[in-house]
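Chain residues, written in single-letter form:
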Amino acid sequence: MSVIGTNITVSIGRKPILHGVNFAAEPGEVHAIVGPNGSGKTTLLRALTGDISANGRITLSDRSFDRKRPWEMASIRGVLPQVTVLSFPFTVIEVVRMGLEAGPHGASPEIAHQALRDVGLEGYEGRFFQELSGGEQQRAQLARVLSQVWEPVQDGAPCWLFLDEPVASLDIGHQLGVMELARRYADRGGGVIAVMHDLNLTAMFADQVTLLSKGEVAATGEVANVLTDDLLSAAYACTLRVNMAPSAGKTFLLPQTAARS
Amino acid sequence: MVAETTFAPPTDRGAQAWRLHVVLWVLILFVSLFSLSIGAAGAQVRAGLMAWIATDKLDAATRLILFDIRVPRLVLGLLVGAALAVSGAMMQGLFRNPLADPGLVGVGAGAGLGAITAIVIGATLPAFLINALGNYMIPLAAFFGGWGSTLILYRVSTRNGRTSVATMLLAGIALAALAGAVSGILVYMADDRQLRDLTFWGLGSLAGATWIKVLTAGPLIAVAILSAPFMARGLNGLSLGEATAVHMGVPLERLKTGAILTVACATGAAVAVSGGIGFVGIVVPHLLRLATGPDHRTLLPNAALLGAILLVLADCISRTIIAPAELPIGIVTAVLGAPIFLWILLRRRGVVDL
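Protein chains in written order, with this note's numbering: chain A, 14 to 274; chain B, 29 to 382.
So here's chain A without its partners, still in its complex pose:
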């Protein structure tokens, strides 16, 4: 029932982006993909979702992705892109309903409203999507994706969320809210694969981490085994030290110590 990518190689133009990446994610877990800019995080996610053609083998539940029709895939997998440009003046609720009707729960319109409540956009139903701020747009898109695969387990099989930097344009409160949504989705049996920039949030919410560097897997495994001084320092090309508080008197803020109201 897992998502497995074997020996994924991607070149865009003549430039090789990924070299023989192996990747495996299990349902019931949040699997974060981290790495510096240009390491191939988004490319890996897009290869896994079939947006770009990749050499190698990518399977979902032992079946090759291309064997499935797009509407079959849509009923078990929701994909959140980094940015969505909407070409016509749809309202927020219309956008969310599009996702709802693309999945197996089209007959339950109340899900769209619940999804908007979950992402903190209650009362935004009638607003034009284009008039939202960047962070609000991102959360509205998340509500669309959530309504598409609303039940983490559908007909006994896990559903999947593929999230490309889901918290990149959000404030810290909404970052925590969105990551908690992803966490709950995994806890209820679904699978979550997320490209992450924020290592603190990754440490807080992920079960598994794949660290990419220069198009290759630098490390993969549980958070404590991947987010280490040596691996991170090598990948990000600067000296990083985990679990180290700054010297006394300096202000610092960690999501780990936040209490959500």
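Honestly, I wouldn't trust all of these hints.
For the chain A half of the interface with chain B, some residues (derived, Cβ under 10 Å), not all of them [unchecked claim]:
hint: 1; residue: D64
hint: 2; residue: A87
hint: 3; residue: R90
Listing some non-contacts, in silico: residues in chain B with all C-beta distances to chain A over 12 Å [stated by the list, open to error]:
hint: 4; residue: L52
hint: 5; residue: A82
hint: 6; residue: K85
hint: 7; residue: F123
hint: 8; residue: T152
hint: 9; residue: G176
hint: 10; residue: L179
hint: 11; residue: T195
hint: 12; residue: A199
hint: 13; residue: Y216
hint: 14; residue: A218
hint: 15; residue: T238
hint: 16; residue: L254
hint: 17; residue: L327
hint: 18; residue: P356
A few chain A residues that don't get close to chain B, going by computed Cβ distances all over 10 Å [as the list claims (entries may be wrong)]:
hint: 19; residue: K28
hint: 20; residue: P29
hint: 21; residue: S66
hint: 22; residue: G69
hint: 23; residue: S88
hint: 24; residue: Q127
hint: 25; residue: D200
hint: 26; residue: M257
Treat the hints as calculated values from the structure; they're not laboratory data. Note that the structure is predicted; figures quoted are calculated from it, not measured. Ideal Cβ positions, reconstructed from N, Cα and C, are used throughout, including at glycine.
For chain A, the structure is supplied; the task is to place chain B on it using the hints.
Then chain B, alone, in the frame of chain A:
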């Protein structure tokens, strides 16, 4: 855009759109009756109709005006108006852009080239082919011309699932210029009889409406209009981008092929029987999006109805404004449509990434 931030559309624009759908059907009825009863010999027709209702007898002159001139013209107007508006809405959905219109971006010119080719070269085809195609030759040629230009336009202006407006409009200009140049060469090659045919065809009006034209264009337009709603959900998904559409279960390649064929069908048939009539395809979908939102499930059927209504009204104007002479309908639609097009450009710069 400041004014609009405080304006919230009703959350259920869908129900509104279906109410509008009913209203538009009623309007079509009224506009049709109006169109039949005005124009040259209007009083005579009205008197004849009254007599028909009163005595159940229709005199020969009224019958001729009504059933050989007015009714085919009305039906052709309804068909062409619906075709232009639906192909505009489809093309805007496909190109993810509210400014795409077959008439503006060279598809109309391509269809025109097809029609001209059929008129000039058609006679040199083998006799069995000419007999087999009959009156369908010009509409079919226009369809292939429109299809080819839509395909070229899409290939040129869409890269990685995004259509660049600038490229689309510029490619449209180039396509229209090329089609115009080749058409010019063909006109130069044409003999006297073909020149006469070309002139009549190129008048760009509904003046020459006949039942034959209705029967040749009708099926193509009907296919286009009836198949459009099946692509509505896909076009909605496409408004979020190609990749997202696929992730929402839209069969992308099939949708694109279907939409391009539909646009070519409707544009080709409309151009073949009425020459180029501009701006219907851009104004009608835009007004509907303002009124009831961009959901293609209601936009496409409503566009067909409103397009038909507006074109028949424009035809009424073109027949009466300088009576007994007739103003080409393309002038009427351009005078009404071009300012609206400019207004869209000014107003939407903020909302839609142009």
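Exercise for review: List, from low to high, the hint numbers that the structure doesn't satisfy.
Suggested key: The structure conflicts with hints 7, 17, 23, although it agrees with all the remaining ones.
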